[in-house]
Amino acid sequence: MTPAPRAEESPEGEAPGVPGFRTWRGVYVFVFGWFVLVVLLLSVFMEIFS
Amino acid sequence: MNAADWLVLLGTIVGIAAYGSWRTRQVRSLNTYMRGNAATRWGTIGVSVMATQASAITFLSIPGQGFESGIGFVQNYFGLPLALIIVCAVFLPMYRRLSVYTAYEFLGRRFDQKTRLLGAGLFLLQRGLAAGVTIYAPAIIISTVLGWPLTPVIVFTGLLVIVYTVTGGSEAVAVTQKWQMAVISAGMVTAMVVLLLRLPDGLGFIGAAHVAGALGKLQAVDFSLDPSRRYTVWTGVFGGLFLSLSYFGTDQSQVQRYIGGASLREGRLGLMFNAVLKIPMQFVILLLGALLFVFYQFAPHPVFFNQAEWRRYAQDVRFRDIEAQHASAAAQSQSAIRAWLQARASDDAAREASARAAMIAADDRARAVRADAKAALAAADPRAKTKDSDYVFVTFILTQLPHGAVGLVIAVMFAAALSSKASELAALGTTTTIDFWRHFRPLAAADEARNVRVARHFTAMWGVFAVAFALFAGFAENLIEAINILGSIFYGVLLGLFVVAFFLRRVGGSAVFFAAVTAQALVIGMYFSLNIGYLWYNLIGCATCIGFSLALQMVLPPQAPAGQSRAG
Chain A
153 MTPAPRAEES PEGEAPGVPG FRTWRGVYVF VFGWFVLVVL LLSVFMEIFS
Chain B
98 MNAADWLVLL GTIVGIAAYG SWRTRQVRSL NTYMRGNAAT RWGTIGVSVM ATQASAITFL
158 SIPGQGFESG IGFVQNYFGL PLALIIVCAV FLPMYRRLSV YTAYEFLGRR FDQKTRLLGA
218 GLFLLQRGLA AGVTIYAPAI IISTVLGWPL TPVIVFTGLL VIVYTVTGGS EAVAVTQKWQ
278 MAVISAGMVT AMVVLLLRLP DGLGFIGAAH VAGALGKLQA VDFSLDPSRR YTVWTGVFGG
338 LFLSLSYFGT DQSQVQRYIG GASLREGRLG LMFNAVLKIP MQFVILLLGA LLFVFYQFAP
398 HPVFFNQAEW RRYAQDVRFR DIEAQHASAA AQSQSAIRAW LQARASDDAA REASARAAMI
458 AADDRARAVR ADAKAALAAA DPRAKTKDSD YVFVTFILTQ LPHGAVGLVI AVMFAAALSS
518 KASELAALGT TTTIDFWRHF RPLAAADEAR NVRVARHFTA MWGVFAVAFA LFAGFAENLI
578 EAINILGSIF YGVLLGLFVV AFFLRRVGGS AVFFAAVTAQ ALVIGMYFSL NIGYLWYNLI
638 GCATCIGFSL ALQMVLPPQA PAGQSRAG
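If you're matching them up, the sequences are chains A and B in order. If you count the first sequence from 1, position 44 lands on 196 in our numbering, and the numbers rise without skipping. If you count the second sequence from 1, position 529 lands on 626 in our numbering, and the numbers rise without skipping.
Worth double-checking, as some hints may not be accurate.
[Stated by the list, open to error] Quick list of the computed label-pair ranges, beta carbon to beta carbon:
(1) B/Pro655 / A/Val170: 41 to 47 Å
(2) A/Glu166 / B/Arg409: 56 to 62 Å
(3) B/Gly301 / A/Arg177: 42 to 48 Å
(4) A/Val170 / B/Gly244: 48 to 54 Å
(5) A/Glu166 / B/Pro655: 52 to 58 Å
(6) A/Val170 / B/Ala557: 37 to 43 Å
[Claimed, not checked] One side only, chain B facing chain A, incomplete, derived with CB under 8 Å:
(7) Ala306
(8) His307
(9) Gln316
(10) Leu361
[Claimed, not checked] Reference listing, derived: stretches of chain A covered by chain B, where coverage requires no fewer than 3 residues with Cβ under 8 Å from a Cβ of chain B:
(11) 177 to 191
(12) 195 to 202
Simulated from the structure, these hints should not be mistaken for laboratory data. Values in this document were obtained by computation on a predicted structure and should not be read as measured data. Built from N, CA and C at the ideal position, the CB exists for glycine as well.
Please build the complete structure, drawing on both the sequences and the hints.
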């Protein structure tokens with residue numbers, strides 16, 4: 153009853169299909185960089201209005 | 098609320114539920130019922146994950162948190178993007194490769210059936226009890242403020258969500274969550290715009306942000322290593338990572354949102370959508386609360402925002418004194434803020450510093466009066482509800498928003514309650530069917546129609562249980578905290594099971610099962626014998642489960658090759 157395993161889905165082989173990114177590792181680095189940027193922007197926001 | 102508000106409220110909430118039921122009325126496939134439409138794209142998955150996490154309490158309590166303590170709470174979400182990257186890279190590919198309906202099926206494949214049942218049982222226990230709170234918590238606030246009787250609100254909300262979730266399962270959850278998130282976004286933007294328009298002339302967003310910042314409401318980031326500080330970057334990154342990994346990686350109500358979809362890519366992009374947007378979204382909601390604080394410095398407001406509770410006890414002269422002190426302190430605070438704004442514009446640094454000190458002192462006095470009010474309530478009746486921050490935003494909605502918009506923002510609360518509740522019910526029904534019912538009736542697994550029928554019955558049963566629990570919960574004190582404690586007691590061990598499954602290949606089923614049972618007993622024992630913050634039990638449960646698994650595997654025979662155990 154449980155569907156058969158999806159052997160065709162290779163997590164690392166699949167391209168993210170996002171313009172500018174060739175690998176998922178690149179997407180993860182971007183998201184991590186975005187997180188760092190958000191923390192920096194929050195720090196700047198706090199400094200401006202403190 | 099007038100007729101326009103009722104029209105908007107019922108039109109959106111009932112309309113979305115009816116649309117969800119109608120759109121998914123012909124769902125017959127077990128795969129669609131439990132994992133949603135196989136063609137679902139990343140946008141729908143991303144919105145569904147977000148809507149599942151954002152309960153009504155998010156939109157009632159978080160602005161109150163911003164009002165009361167500032168926006169530092171945003172740091173609690175700092176671990177979330179990192180956790181979602183791990184889920185994308187490790188958890189999701191494995192779930193999809195094995196094509197499981199539930200996260201706990203994976204435990205059965207990786208270990209054995211007893212470990213799977215343990216994982217599923219821990220989830221049902223924790224999420225099943227929490228299910229009542231996600232209906233009760235917003236219902237009690239909305240019914241208190243609007244003067245509605247509690248029971249019909251709980252029953253109406255519960256029946257609405259039961260009808261469309263039972264009808265269309267995971268597919269109905271995803272279909273309705275898109276529209277519910279649209280209502281939530283529209284309502285919150287409306288509230289923010291009205292708040293900015295209601296600020297005093299000449300103040301504007303920038304001026305209000307300066308006032309909030311000067312009064313300590315915009316301390317967004319704290320790099321302090323002081324363990325006594327509640328919210329810091331470090332507690333957010335490490336504690337938040339741990340909690341988010343438990344929630345997104347092992348809680349079926351979230352796993353069910355992203356394991357379906359057209360491909361692995363769609364699930365991953367849906368999760369990355371949340372990794373990018375969650376912190377900014379929480380920041381905006383908290384900022385709304387900080388700006389509400391500034392708004393109420395210039396507008397009349399009660400000393401205690403839960404006015405129904407205040408009026409219940411505030412009969413004698415002592416309470417009249419507190420109200421008089423509050424009126425005086427609020428007037429002084431407003432004058433001090435105006436003086437500081439003038440001093441700031443004068444470019445005289447000494448004058449600005451002096452005015453700032455006076456403004457902070459006035460704010461401290463106003464806070465002291467509010468603390469006195471809460472103490473007086475507690476003295477009048479120890480069972481009185483002395484936390485009023487959840488009532489700040491809803492008070493603003495009802496007193497400041499134009500008709501129509503009031504209905505829309507109240508609809509936000511109901512939409513959020515329904516969206517998170519629907520995911521919970523679908524997950525509880527799916528886990529009960531797949532991990533328990535099918536386990537004990539393996540021959541029935543081949544009958545797809547019967548499986549869907551049973552899943553519908555279990556989903557309805559959990560819905561009725563949640564409503565009954567919410568009705569009963571009215572008698573309990575500090576229920577929300579009790580449920581959070583319960584979650585912390587069980588979440589850690591559950592995450593420990595999955596960490597061992599994913600990262601410690603040489604540990605077998607028996608080792609991890611007995612390790613998890615021992616770790617769970619230890620955590621429960623510690624809870625009853627130690628006095629430490631309950632969030633620590635997440636870490637203790639996970640760490641002890643991993644440690645005991647490794648130790649037991651050293652004395653137990655090596656695990657059987659993967660695939661020998663029966664999968665559901």
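Hints violated by the structure (listed by number, smallest first): The structure breaks only hint 5.
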